[in-house]
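Protein chains: 2
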Amino acid sequence: MTLENDRMIRALLRQPVDRRPVWLMRQAGRYLPEYLALRQRVPNFMTFCKTPDLVCTATLQPLSRFPLDAAILFSDILTIPDAMGMSLRFDPEKGPLINDPIRQECDLQRLKPVKVLKDLAYVIDAIRLVTKELDGQVPLIGFAGSPWTMAVYMVEGQSSKMFTQIRTMTYQSPQLLHTLLTRLAVVTVEYLNAQIVAGAKIVMLFDTWGGLLSYGEYLEFSLHYMRFIMQRLHRSFNGQPVPVILFTKNAAPWLSQIAASGCDAVGIDASLNMLTVKQQIGSQVALQGNLDPFLLFAKPEIIQQRVGELLDCFGSAPGLVVNLGHGVDRHTPVEGVAAMVEAVHQHRCSL
Amino acid sequence: MTLENDRMIRALLRQPVDRRPVWLMRQAGRYLPEYLALRQRVPNFMTFCKTPDLVCTATLQPLSRFPLDAAILFSDILTIPDAMGMSLRFDPEKGPLINDPIRQECDLQRLKPVKVLKDLAYVIDAIRLVTKELDGQVPLIGFAGSPWTMAVYMVEGQSSKMFTQIRTMTYQSPQLLHTLLTRLAVVTVEYLNAQIVAGAKIVMLFDTWGGLLSYGEYLEFSLHYMRFIMQRLHRSFNGQPVPVILFTKNAAPWLSQIAASGCDAVGIDASLNMLTVKQQIGSQVALQGNLDPFLLFAKPEIIQQRVGELLDCFGSAPGLVVNLGHGVDRHTPVEGVAAMVEAVHQHRCSL
Numbered sequence: 001m002t003l004e005n006d007r008m009i010r011a012l013l014r015q016p017v018d019r020r021p022v023w024l025m026r027q028a029g030r031y032l033p034e035y036l037a038l039r040q041r042v043p044n045f046m047t048f049c050k051t052p053d054l055v056c057t058a059t060l061q062p063l064s065r066f067p068l069d070a071a072i073l074f075s076d077i078l079t080i081p082d083a084m085g086m087s088l089r090f091d092p093e094k095g096p097l098i099n100d101p102i103r104q105e106c107d108l109q110r111l112k113p114v115k116v117l118k119d120l121a122y123v124i125d126a127i128r129l130v131t132k133e134l135d136g137q138v139p140l141i142g143f144a145g146s147p148w149t150m151a152v153y154m155v156e157g158q159s160s161k162m163f164t165q166i167r168t169m170t171y172q173s174p175q176l177l178h179t180l181l182t183r184l185a186v187v188t189v190e191y192l193n194a195q196i197v198a199g200a201k202i203v204m205l206f207d208t209w210g211g212l213l214s215y216g217e218y219l220e221f222s223l224h225y226m227r228f229i230m231q232r233l234h235r236s237f238n239g240q241p242v243p244v245i246l247f248t249k250n251a252a253p254w255l256s257q258i259a260a261s262g263c264d265a266v267g268i269d270a271s272l273n274m275l276t277v278k279q280q281i282g283s284q285v286a287l288q289g290n291l292d293p294f295l296l297f298a299k300p301e302i303i304q305q306r307v308g309e310l311l312d313c314f315g316s317a318p319g320l321v322v323n324l325g326h327g328v329d330r331h332t333p334v335e336g337v338a339a340m341v342e343a344v345h346q347h348r349c350s351l
Numbered sequence: 001m002t003l004e005n006d007r008m009i010r011a012l013l014r015q016p017v018d019r020r021p022v023w024l025m026r027q028a029g030r031y032l033p034e035y036l037a038l039r040q041r042v043p044n045f046m047t048f049c050k051t052p053d054l055v056c057t058a059t060l061q062p063l064s065r066f067p068l069d070a071a072i073l074f075s076d077i078l079t080i081p082d083a084m085g086m087s088l089r090f091d092p093e094k095g096p097l098i099n100d101p102i103r104q105e106c107d108l109q110r111l112k113p114v115k116v117l118k119d120l121a122y123v124i125d126a127i128r129l130v131t132k133e134l135d136g137q138v139p140l141i142g143f144a145g146s147p148w149t150m151a152v153y154m155v156e157g158q159s160s161k162m163f164t165q166i167r168t169m170t171y172q173s174p175q176l177l178h179t180l181l182t183r184l185a186v187v188t189v190e191y192l193n194a195q196i197v198a199g200a201k202i203v204m205l206f207d208t209w210g211g212l213l214s215y216g217e218y219l220e221f222s223l224h225y226m227r228f229i230m231q232r233l234h235r236s237f238n239g240q241p242v243p244v245i246l247f248t249k250n251a252a253p254w255l256s257q258i259a260a261s262g263c264d265a266v267g268i269d270a271s272l273n274m275l276t277v278k279q280q281i282g283s284q285v286a287l288q289g290n291l292d293p294f295l296l297f298a299k300p301e302i303i304q305q306r307v308g309e310l311l312d313c314f315g316s317a318p319g320l321v322v323n324l325g326h327g328v329d330r331h332t333p334v335e336g337v338a339a340m341v342e343a344v345h346q347h348r349c350s351l
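If you read the sequences in order, they're chains A and B.
Its first residue numbered 1, the first sequence is counted upward by one per residue in this note's numbering.
Its first residue numbered 1, the second sequence is counted upward by one per residue in this note's numbering.
Keep in mind that the hints were calculated from the coordinates and are not lab data.
Some hints could be false.
Copies of one chain are not kept apart here, so a pair can be met inside one copy or by any two copies together.
SDA-like mimics (lysine to any residue), calculated; alpha carbons at most 20 Å apart, straight line [stated by the list, open to error]:
hint : residue 1 : residue 2
1    : Lys115    : Met46
2    : Lys161    : Phe66
3    : Lys118    : Arg183
4    : Lys161    : Leu97
5    : Lys118    : Thr2
6    : Lys161    : Lys249
7    : Lys94     : Gly157
8    : Lys161    : Gly29
9    : Lys249    : Phe163
10   : Lys161    : Leu13
11   : Lys50     : Gly315
12   : Lys94     : Gln165
13   : Lys299    : Thr168
14   : Lys118    : Phe48
15   : Lys299    : Arg103
16   : Lys299    : Pro174
17   : Lys94     : Phe163
18   : Lys132    : Leu255
19   : Lys299    : Gln172
20   : Lys161    : Phe90
21   : Lys132    : Thr2
22   : Lys112    : Leu176
23   : Lys161    : Arg30
24   : Lys118    : Phe163
25   : Lys115    : Ser87
In this text the structure is predicted, and so the values were computed from the model without any measurement.
Given only the sequences and the hints, what does the whole structure look like? Please build it.
Below, the structure is given as structure tokens:
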């Protein structure tokens with residue numbers, strides 16, 4: 001099926017576009033009143049994620065409101081640990097919680113082998129549904145958490161202030177951690193490839209916690225496994241290229257290695273100067289992001305101005321996807337998102 | 001008074017030294033059994049901080065155990081907000097808590113004017129005591145939180161996952177925030193100068209939360225106020241230079257601006273490649289830090305190896321202070337700290 005709007009694909013491949021594509025990380029979710037209404041029907045988050053028609057509705061909600069250039073599957077980065085039997089649940093304040101975290105070698109024996117098409121069928125079914133509903137209007141982005149980020153939750157049991165358990169494990173039991181990361185990476189390959197076959201036109205790896213590692217550790221425990229995954233993905237399907245986006249929060253120390261890791265595009269958080277990043281790696285990969293999620297709380301004029309500055313700093317160079325540097329905050333006013341998307345549509349520049 | 005061991009001062013001024021100086025951020029505190037024993041006498045943290053003889057004992061405890069090249073005052077980065085009347089208290093899990101945080105213009109009226117020599121006399125008295133006890137063996141480091149970092153706690157009320165309150169304030173009420181930051185910066189100048197007069201030979205600014213800002217915001221809301229402070233400090237006292245160290249966690253995007261901000265040395269966290277940083281700013285300022293706090297949980301051989309790699313990457317270039325990239329974790333084994341300090345003392349290199 002040919003896409004009506006292929007700006008995202010073209011921008012990710014650094015091809016010319018008539019206008020910069022725009023979408024927002026976590027564009028479906030808690031800041032949208034229609035999502036909150038939908039969730040009231042199924043308050044349990046994982047039950048919601050495991051119900052394909054609800055997932056399909058949530059995925060499409062932001063596209064009804066805003067003229068976005070891509071949809072992203074409504075799901076979670078911890079579906080794989082859940083499928084491994086770690087019984088994921090969500091606390092409204094603490095976020096994801098996992099019982100009996102991995103602390104020693106014998107804990108690995110508890111992890112079930114994952115059959116993606118069976119154990120994660122709810123994700124694949126949701127992708128098929130969304131793909132059908134989208135009917136080629138815009139591409140659907142599939143995604144997975146990076147092995148390191150999944151391992152953080154599996155070892156800590158929850159989000160943490162200091163991450164002492166996994167940070168000491170890198171020094172005290174590196175082999176245990178490598179065994180776990182390898183298992184996660186292998187399943188992630190199968191998981192993302194199944195998403196591509198089911199209809200995802202782009203895939204993204206979310207490495208939320210890679211940036212808390214020391215310089216050498218990031219290369220060894222996080223980037224290594226993302227490279228492993230990217231080498232094994234369907235990089236084209238049905239004759240169409242499938243671009244891969246890699247996003248590590250606080251990635252500044254490793255930009256050049258990330259750009260050389262085999263991805264098509266790099267997610268850039270708001271702490272970086274996009275002009276500097278463009279000079280550093282913009283000729284190798286496309287760049288996505290960089291707008292401050294909290295900018296969306298500002299007046300529309302300020303939002304318009306900052307979006308303009310981002311677009312102007314890129315000039316007519318190829319390979320820019322407008323996005324936030326991190327997910328939409330749950331308290332974000334819907335008007336802020338509208339103003340950002342509108343600003344991209346209105347911007348006049350010499351493309 | 002002449003210092004017996006002036007390696008720290010010399011390294012911070014990029015002068016030749018016979019051996020690299022070493023100390024650890026948060027070297028006094030919860031990982032030390034003797035500190036935990038001392039705290040049992042005064043369980044309330046702020047009461048402890050306000051008792052100069054206990055502060056003096058805690059400050060000197062790590063120097064009895066390890067051959068360190070500097071002492072750092074045992075205190076907290078939130079003494080100034082406390083003196084402004086924000087009644088700081090500590091929760092063992094949540095960390096610092098502040099009642100009635102600053103949310104709007106009228107909240108600023110609640111803040112009391114601070115008379116440093118009266119309201120923070122407990123800090124100044126402790127510095128005098130420590131200085132007397134040290135008797136010129138090693139320099140004492142005085143410190144303060146950066147205005148931005150203090151403001152984070154004053155606006156959020158506590159450490160936060162998303163920092164939504166202050167992050168929206170930068171866009172919705174920037175003038176309110178600038179008024180608050182200016183007041184904090186003015187008091188910090190007086191506070192650090194009083195520490196220098198009382199005996200501190202080095203001062204350090206801790207910008208724990210600057211790195212969560214977007215690129216332009218860090219320059220406007222954090223670095224600007226640290227520069228304001230540094231321009232007004234006693235940069236020499238009694239004929240001796242008083243070096244200033246600036247530490248921002250996750251500072252990678254702003255290294256060149258930090259190096260040009262007027263500090264003598266920059267604290268470097270563990271995420272950065274020290275060799276790259278040295279090439280980038282090592283001819284302008286001294287560099288401190290970079291060892292991973294979690295390295296101290298490793299076997300002594302690993303600790304020795306990593307310390308050796310850090311020292312070797314600096315070669316014979318001036319301006320290195322060995323330290324962690326962040327504070328000592330409370331669960332750190334004392335033997336790990338011993339191994340790190342020992343490794344610096346034992347290292348053979350061509351200085």
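Against the structure, the hints come out as follows:
1. Taking identical chains as interchangeable, the C-alpha atoms of Lys115 and Met46 lie at most 20 Å apart only when both belong to the same chain, with a minimum of 18 Å there against 55 Å between chains.
2. Taking the shortest Cα distances, Lys161 and Phe66 never come within 20 Å of each other, neither inside one copy (35 Å) nor across copies (28 Å).
3. In this assembly of identical chains, the alpha carbons of Lys118 and Arg183 lie at most 20 Å apart only when taken from the same copy (18 Å versus 61 Å across copies).
4. Taking the closest pair of Cα atoms, Lys161 and Leu97 come within 20 Å of each other both inside a single copy (14 Å) and across two copies (15 Å).
5. In this assembly of identical chains, the alpha carbons of Lys118 and Thr2 never lie at most 20 Å apart, being 29 Å within a copy and 74 Å across copies at closest.
6. Taking the shortest Cα distances, Lys161 and Lys249 sit within 20 Å of each other both inside one copy (16 Å) and across copies (14 Å).
7. Within a single copy, Lys94 and Gly157 get their C-alpha atoms as close as 11 Å, and across copies as close as 18 Å, so both meet the 20 Å cut-off.
8. Only between protomers do Lys161 and Gly29 lie at most 20 Å apart by alpha-carbon distance; the minimum there is 18 Å, versus 24 Å within a single protomer.
9. Both within a single protomer and between protomers do Lys249 and Phe163 lie at most 20 Å apart by alpha-carbon distance, with minima of 16 Å and 16 Å respectively.
10. In this homomeric assembly, Lys161 and Leu13 never come within 20 Å of each other (Cα to Cα): the closest approach is 37 Å inside a single copy and 35 Å across copies.
11. Taking the shortest alpha-carbon separations for Lys50 and Gly315, neither the intra-copy value of 43 Å nor the inter-copy value of 56 Å comes in at or below 20 Å.
12. Proximity of Lys94 and Gln165 under a CA criterion of 20 Å is satisfied in both settings, with 17 Å inside one chain copy and 18 Å between copies.
13. Proximity of Lys299 and Thr168 under a CA criterion of 20 Å is satisfied inter-copy only: 11 Å between copies versus 44 Å inside one chain copy.
14. Taking CA atoms no more than 20 Å apart as the test, Lys118 paired with Phe48 passes inside one copy only; the shortest distance there is 18 Å, against 58 Å between copies.
15. Only between protomers do Lys299 and Arg103 lie at most 20 Å apart by alpha-carbon distance; the minimum there is 18 Å, versus 47 Å within a single protomer.
16. Taking the shortest alpha-carbon separations for Lys299 and Pro174, only the inter-copy value of 12 Å comes in at or below 20 Å, while the best intra-copy value is 48 Å.
17. With identical chains, the CA atoms of Lys94 and Phe163 are at most 20 Å apart both within one copy (14 Å) and between copies (15 Å).
18. Neither within a single protomer nor between protomers do Lys132 and Leu255 lie at most 20 Å apart by alpha-carbon distance, with minima of 37 Å and 48 Å respectively.
19. In this assembly of identical chains, Lys299 and Gln172 lie within 20 Å of each other by CA distance solely across copies; the values are 8 Å between and 50 Å within a copy.
20. In the homo-oligomer, the alpha carbons of Lys161 and Phe90 lie at most 20 Å apart both inside one protomer (17 Å) and across protomers (16 Å), since each shortest distance falls under that limit.
21. Proximity of Lys132 and Thr2 under a CA criterion of 20 Å is satisfied intra-copy only: 13 Å inside one chain copy versus 79 Å between copies.
22. Taking identical chains as interchangeable, the C-alpha atoms of Lys112 and Leu176 lie at most 20 Å apart only when both belong to the same chain, with a minimum of 16 Å there against 54 Å between chains.
23. Taking the shortest Cα distances, Lys161 and Arg30 sit within 20 Å of each other only across copies (16 Å), while inside one copy they are farther apart (23 Å).
24. Taking identical chains as interchangeable, the C-alpha atoms of Lys118 and Phe163 are never at most 20 Å apart, the minima being 32 Å within one chain and 40 Å between chains.
25. In the homo-oligomer, the alpha carbons of Lys115 and Ser87 lie at most 20 Å apart inside one protomer (16 Å), although the nearest pairing across protomers, at 55 Å, exceeds that limit.
Hints 2, 5, 10, 11, 18, 24 from the list above are not met by this structure, while the remaining hints are.
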